[in-house]
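Enquirer: Residues per chain are reported as follows:
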Amino acid sequence: MEKIKSENYLINERIRWFIKLRWLAILGIVGAVYIADKIIAIPLPALRLYGVAVFLVIYNTFFSFLVFKPQAKTSKGLVWTNSIAHAQIALDLLSLAFLIHFSGGIENPFIFYFIFHMIIASILLSRRGAFLQATYAIFLFLFLVFLEYQGYIAHYCLKPVVPYCLHKETFYIFSVSVVFISTLYIAVYMASSISKQLKERERNLEKANKLLNEKDRIKSEYVLRVTHDIKEDLSTIQSCIEPVTEGITGQLNEKQLNLLQRAKKRSKSLIFYVNALLGITKMKLDKKFKTENFSFPQLIQDITENITPRARNKNIEFTVDVDSSIQRIEGVRVYIQESILNILANAIKYTPKGGKVSLKLTDKENSFLIKIEDNGIGIPEDELEYVFDEFYRAQNAREQEKLGTGLGLAIAKQVIERHKGKIWVESKKGEGTIFYIELPKQI
Amino acid sequence: MAAKRILIIDDDVDFIESTRVVLETKGYEVFSAQNKQEGLKEIKSISPNLIILDVMMDKMSDGFELAREFKADAKHKNIPILMLTAVGAKTGFKFSAVGGDNAWLPVDDYCEKPIEPKKLIEKVEKLLLE
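From first to last, the protein sequence lines are chains A and B.
What the first sequence shows, in our numbering, is residues 46 to 488, in sequence order.
What the second sequence shows, in our numbering, is residues 168 to 297, in sequence order.
No wet-lab data here; the hints were simulated from the structure.
Even glycine gets a Cβ: it sits at the ideal position worked out from N, Cα and C.
Treat the hints loosely; a few may be bogus.
Stated by the list, open to error - Using 20 Å as the maximum straight-line C-alpha spacing, the simulated SDA-like pairs for lysine to any residue come out as follows: (1) B:286 / A:433; (2) A:310 / B:279; (3) B:286 / A:285.
Stated by the list, open to error - Label-pair ranges, simulated between beta-carbon atoms: (4) B:170 / A:333: 46 to 56 Å; (5) A:274 / B:297: 49 to 59 Å; (6) A:274 / B:285: 55 to 65 Å; (7) B:285 / A:337: 26 to 36 Å.
One chain only, chain A, in its complex shape:
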């Protein structure tokens, strides 16, 4: 079952994304300043603007180091992640205020870029945190405008973008400020409302997932208990029927034998089914996974010996091709053997007489790839995604073969995934099927 990512993990992810975005923003700033300075020839203090870009580079490097360190993934708590988010946004707002100041102050239409930061704050922070940052942004803006208005600091006029300097135009300052303040607060309100809902949904999903995993475990334990008890009874039924069918208790007439043999066959197939169910359930509950180092070619050899007679019986051409460089593999031998055997047995079962089945083992750099191909009945396209589900059997497989547990591929998938490998299938109905198993060399 796929794990739902924790809130902390998600915020961390987003912080990383914003760090990457900041590198782009820095490039944008440098480009814009260059164009304004050299091409449009606006009289701006380009050097100071580049200075702000350098400041951005410095703190973005610092945050990259903090966040991208391998152990920083989720090892730190939510408080730490929140502090990082707050610090970054505060520094971004400060940088933006300086950029605005050096490029026209209130005349600069880029003041509305503060909105982007408000959206970022609403995504990363709590609603209160986002409003706090909005207030801080407004303070920075008003303070800057006030200092320029009073002449305490220089004003860099944005001529020729505006016909004349606007920093002392009281009515203009007032109206821009009102729009600016309301826009920021409204943006935060809207974005954080959406973000809050999403966060809540994430939290609920996380909770639901935990509960589901727990229920799945309880279900597995229950299945284990029940199947074991059923198996005990089945074993005894089998041991009572067999002496009779084998004539130990005396000769039976043909009809008696016929019926008892049917009963025996069915109880045998039920035992097979129960064993498969026990196998998959045990593996699910088994937290430990004891691996061994064994010869992969030898395993393939054993599998080949098992499959060849079945192939011969159906006059199927069965070929095996093992890359000669392949030696040993790490894993649970019996599980891997069962998984490959199962897929091969299916290939033989669902390939008509005179068909072809092949097994190919190749060495990929960090893994081994097993390819099992047949030219059998294939799997209908709309059923491909379900073939690894427990108890699922494709329609055409059911038509051809009534008996079957629908557990073989589910077990194989469980096995391969426990080995940190991958299993997938390609198939065309009526043409054939290819199963791929990729097993890592090191688990």
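With the hints as your guide, set chain B onto chain A.
Expert: Just chain B now, with coordinates in the frame of chain A:
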């Protein structure tokens, strides 16, 4: 020559009966017990030539304990034990993994239930020959 005595210790009466039928047709004298205490008592009174033992009876480890207890007794040490059980299925316990470790599991052979009559007879005959 007197018939060889086989003691089946298993809490499943039906299993005992079916095994009894198979073994009796081969001329063995079959005794049975349904738990650890009864089993130990029977061993003393009939001195069987072979014991067929179930692992899980009242407690999960009853069979193991019984095997250890009576193999520790010099008088019974040489009576072979055939452990016949479905326990592998429940615990994932692999008998082959401890085969030969006599201190831990002092049995002479093991087999998972159900066992075909032919196989059972084969194993019994082999153990009685040894």
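Enquirer: Taking the hints in turn, state whether each one holds.
Expert: Checked hints:
no.	hint	verdict
1	B:286 / A:433	violated (36 Å)
2	A:310 / B:279	holds (18 Å)
3	B:286 / A:285	holds (15 Å)
4	B:170 / A:333: 46 to 56 Å	holds (47 Å)
5	A:274 / B:297: 49 to 59 Å	violated (35 Å)
6	A:274 / B:285: 55 to 65 Å	violated (27 Å)
7	B:285 / A:337: 26 to 36 Å	holds (33 Å)
Checked against the numbered hints listed earlier, the structure breaks hints 1, 5, 6; every other hint is satisfied.
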